[in-house]
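Asks: From first to last, the protein sequence lines stand for chains R and B. Note that the UniProt record's numbering numbers the first sequence so that position 245 is 245, with each residue one more than the last. Note that the UniProt record's numbering numbers the second sequence so that position 229 is 229, with each residue one more than the last.
Hint data in this document are derived by calculation from the structure and do not stem from the laboratory. Some hints here could point you the wrong way.
[Said to hold, decoys possible] Computed Cβ-Cβ distance ranges for the label pairs, DEER-style: (1) B:Leu-304 with R:Pro-666: 29 to 37 Å; (2) R:Val-135 with B:Phe-16: 46 to 54 Å; (3) B:Lys-119 with R:Gly-555: 41 to 49 Å; (4) B:Pro-41 with R:Pro-328: 35 to 43 Å; (5) R:Ala-657 with B:Trp-46: 36 to 44 Å; (6) R:Glu-661 with B:Arg-276: 55 to 63 Å; (7) B:Phe-16 with R:Pro-311: 35 to 43 Å; (8) R:Gly-170 with B:Thr-109: 16 to 24 Å.
All C-beta atoms, glycine included, are put in the ideal place defined by N, C-alpha and C.
The lines below spell out each chain.
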Amino acid sequence: MLNLRLRLAALPRDARDTLFLLVVIGWVLLPHIGNLPWWCTLLAAGVLLWRGTLAVQGKPLPGKWWLFGLLAATLGATWLTHRTLLGRDAGVTLIVVLLALKTLELRARRDAFVVFFLSFFTMLTNFFFSQSLPVAAAMLVALLGLLTALVNAHMPVGRPSLAEAARTAGWMALLGAPVMALLFVLFPRFAPLWGIPSDAMTGRSGLSSQMQIGNVAQLALDDSIAFRVKWQGNPPPQDQLYFRGPVFADFDGREWRPLAPRLAARFPPIRIEEPMLQVAGTPIRYELTMEPNNRPWLLTLDAAVQPPQAPGLVAAMSGDLQWVASRPVVDLLRYTAESYPQFRYGPRRRAAVLTEYRQLPAGFNPRTIELAGEIQREHPGADSAVLVDAVMDRLRTGGYRYTLEPGQYGQDTADEFWFDKKEGFCEHIASSFVVLVRALGIPARIVTGYQGGQRNNVDNYWIVRQSDAHAWAEVWFDGRGWTRVDPTSAVAPGRTGTFERLLPPRGVFANAMDTVSPNLVASMRAAWEAMNNGWNQWILNYTQSRQLNLLRNLGFESPSWEDLSYLLLAIIVVAALAGAAWTWWDRLQHDPWLRLLGRARKRLRAAGLETGHNVAPRQIANLVTARFGEDARRLADWLLRLEAQRYARQPGASLQALRREFQQLPWPT
Amino acid sequence: MDAATLNPLSLVRRRFRQWWQARLPLTDTYTLTQRNVYILPTRPGWMLALTLLVLLVGSINYQLNLGYLLTFLLAGSALVGMHVCHATLRGLTLNLQTPAQQFAGTAATLSVVLSNARKSVRHSIGLAVLDATHEDHWTWTDVPAEGSCTVQVAFRPEKRGLHRVPPLTAETRFPLGTFRVWTVWRPAAQVLVYPAPELHPPPLPPGEPRAGGAAAARAQSTGEFEGVRAYRRGDPLKLVVWKKAAKSDELVSRDTMQAQRYELWLDFAGAGHQDREGRISRLAAWVLQADKLDQDYGLRLPGLQIKPGSGEAHKRRCLEALALC
């Protein structure tokens with residue numbers, strides 16, 4: 001360590017500066033490693049290391065052809081990887097390579113500028129992939145590092161220490177922070193200027209708009225947060241925490257889809273005398289903060305009568321009780337909602353519309369259809385409820401297992417589940433269940449969403465993760481309408497009751513931590529996620545609507561972004577005026593004694609007596625008496641007293657008195 | 001006149017600069033305030049503005065709140081940087097030390113004392129002679145906190161005579177290089193520029209017989225004025241040419257006979273048949289040569305005559321006369 005420090009100290013200044021800049025660039029690129037193609041990471045790291053070696057050894061930089069060659073290779077590799085040179089991912093790859101290659105051209109300190117600007121774009125691209133707290137902290141360090149490099153580049157004298165440059169940079173950032181805060185709060189949030197780029201949201205997981213067997217199981221491995229809930233009052237019990245997402249009723253044997261819109265449009269309009277949705281009991285009120293997922297679904301607890309409330313949010317209920325926003329959720333969205341755990345939904349009596357929910361694709365799952373016939377024969381004349389109970393009994397007692405890794409399913413998924421594999425994840429279970437129930441002639445459909453959640457003890461928010469994604473079924477019963485039936489609870493009661501999640505295999509580190517203190521990891525994670533939530537609520541969730549809310553609180557009647565601009569402008573004007581006032585005050589403070597002497601000089605100059613800037617009052621007095629004689633005795637006396645006031649002050653001799661006297665002096669003309 | 005001087009734009013610009021510089025006060029002590037410190041963004045500064053714009057558009061389009069934070073923090077830092085840059089010069093006091101006399105054509109140095117009353121260091125202040133040739137003529141310095149430092153800038157006076165010190169400029173781009181803060185200062189001091197001595201002057205002219213003295217033949221025969229001879233016992237110490245003695249071990253005395261009979265006059269009329277400047281430059285070379293030989297010499301210029309003498313003051317007087325004639 002000491003050896004390394006000595007070696008660094010022995011390097012010439014240019015080499016030291018270059019090494020520092022390379023470290024900063026490496027830091028800027030670090031969060032990208034997971035987002036880049038492997039060759040890009042290797043190339044960038046290799047180039048940076050190469051440049052560092054050249055700097056340490058003081059060797060010349062490679063020629064232009066090296067750069068062109070590497071650039072051409074990069075363009076080719078980017079094309080091969082992304083099949084385009086445009087768009088977000090290819091752009092990020094290119095900019096990372098450009099930044100790395102630019103260091104090979106880093107000859108003089110002034111080239112720090114190009115690296116500086118490129119680095120800022122790279123920093124911004126980091127946010128495409130994550131705006132989390134750690135990335136933000138890393139980028140703050142990167143910003144300080146870049147500023148330090150730039151300040152250092154503008155200290156040409158000698159060999160200033162990097163710590164000194166860092167101190168200057170730190171001060172600048174610290175003093176710039178209020179400006180940042182002001183602009184952040186007041187800068188009008190516009191909609192994307194030319195539409196949200198289509199690639200903005202790739203890489204963010206969530207529920208999808210159709211269900212292929214295996215979708216949800218994939219989500220179960222994703223520990224990221226789907227949304228957070230803050231309950232007003234007591235939270236409902238775990239087994240009621242069903243957050244409703246997309247509903248699927250159209251099955252083609254492989255994939256579940258929502259009913260096609262033309263079918264949904266035939267849905268009879270809600271009749272006033274018999275509302276489709278009836279609720280009872282006291283509602284549960286909650287506030288839900290959804291992570292962006294680029295989907296229009298607003299997750300609510302079953303069943304919400306009123307649309308979720310958020311400023312600027314327009315939502316409508318689809319035919320199957322799902323709330324859908326008018327546009328995709330592309331940034332953090334916070335809304336409040338009211339849900340009634342006791343509700344009835346759907347037509348009371350068997351209606352034509354329900355036939356859609358009994359259809360099965362022809363030629364699939366023959367054994368399941370046979371099984372349905374068997375069950376019907378065992379319960380002759382039984383109504384739907386009894387038949388469904390029979391199916392649930394079979395699930396409970398038939399030796400079925402709940403697992404994350406049921407293996408590959410083939411053509412007839414329901415057949416395989418019921419007879420061969422007898423194990424599956426919630427989606428397999430729900431899908432097989434609905435197929436069987438439909439085969440019994442009972443309308444049924446699949447609902448996907450999230451089930452459960454976990455309270456964070458630090459900030460009391462409930463966290464629902466992607467791994468809480470769940471699929472269950474709804475069965476239509478005569479006289480009751482659509483009723484939730486969760487077949488998974490029959491297979492694995494713990495999944496919905498006390499809420500056990502299937503955990504992916506744990507790493508060595510987690511196991512080691514567990515042996516030290518089983519609770520430590522959990523509580524650390526809770527604190528961390530609470531911090532993240534604060535970050536989300538205050539920084540990432542600061543949207544146009546919250547901006548306008550702020551204006552409303554400030555007393556604007558119907559705020560618009562123009563008002564924001566006015567407010568921002570007004571603050572800038574006030575700040576400028578304050579700056580001007582300070583300058584004026586500073587000038588006033590600029591040695592009043594000298595200013596008084598200056599005024600005296602000016603009067604004498606007007607009378608034709610030129611005195612230099614460094615002539616003392618005593619000398620001026622001599623000049624005055626020599627020039628104007630006895631008439632100016634009082635003036636000369638005043639000048640002498642002015643001098644005494646400065647250099648031999650008597651008690652009581654005030655500058656103020658001298659200034660007053662200045663007006664009454666018999667100035668020569 | 002080349003194309004640049006005929007270009008109306010550059011003509012206007014030059015005129016404007018002349019008019020503007022003429023307005024500046026002439027002073028040897030220049031305190032930099034809001035009024036005489038100017039600030040403009042540099043090219044990298046404009047590039048930074050462009051970068052900020054692109055970052056902002058990116059943040060808007062991808063709705064990145066963290067992008068907004070980054071953009072605004074950078075903007076805030078740049079704003080502070082602008083203030084820091086201006087404050088680096090503001091409040092600084094420049095004081096020109098009385099410049100020494102110079103020979104035309106050689107680089108003259110001006111010493112400027114930069115005093116900093118502030119409690120922090122002022123970094124990276126460059127000082128230069130304004131309108132100098134376009135080479136890198138900046139002298140960079142840091143001014144310590146509550147202290148001062150001396151900076152020397154060079155300029156090359158082309159003509160002899162009494163010149164005003166050329167306008168000086170100080171600038172800084174610290175800390176980010178996005179702004180250039182500068183000032184222009186016209187010192188009141190004048191510098192006396194001696195004529196450039198001729199590079200290979202002919203030998204000194206022969207001495208002239210002292211008024212009332214005897215023959216002049218001897219000196220003329222050699223063509224060279226030799227006013228010294230080997231030391232002889234009994235020569236008064238006053239006559240010893242100590243300068244020469246220091247160079248060799250032999251003692252040399254002034255030839256008292258010579259000194260008594262001949263006087264060395266450096267005469268404008270006898271300085272060859274070149275143009276006026278050529279003659280003056282030859283006279284300057286002779287003055288230096290005679291002084292080096294520790295010789296008494298007089299100078300005759302049109303309308304001016306300096307009696308023979310020797311020593312530093314005499315040399316300076318002669319050179320001044322040459323500079324100003």
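Asks: Now, for every hint given, state plainly whether the structure supports it.
Replies: We went through each hint and held it up to the structure:
no., hint, result
1, B:Leu-304 with R:Pro-666: 29 to 37 Å, "48 Å, violated"
2, R:Val-135 with B:Phe-16: 46 to 54 Å, "52 Å, holds"
3, B:Lys-119 with R:Gly-555: 41 to 49 Å, "43 Å, holds"
4, B:Pro-41 with R:Pro-328: 35 to 43 Å, "41 Å, holds"
5, R:Ala-657 with B:Trp-46: 36 to 44 Å, "53 Å, violated"
6, R:Glu-661 with B:Arg-276: 55 to 63 Å, "59 Å, holds"
7, B:Phe-16 with R:Pro-311: 35 to 43 Å, "56 Å, violated"
8, R:Gly-170 with B:Thr-109: 16 to 24 Å, "39 Å, violated"
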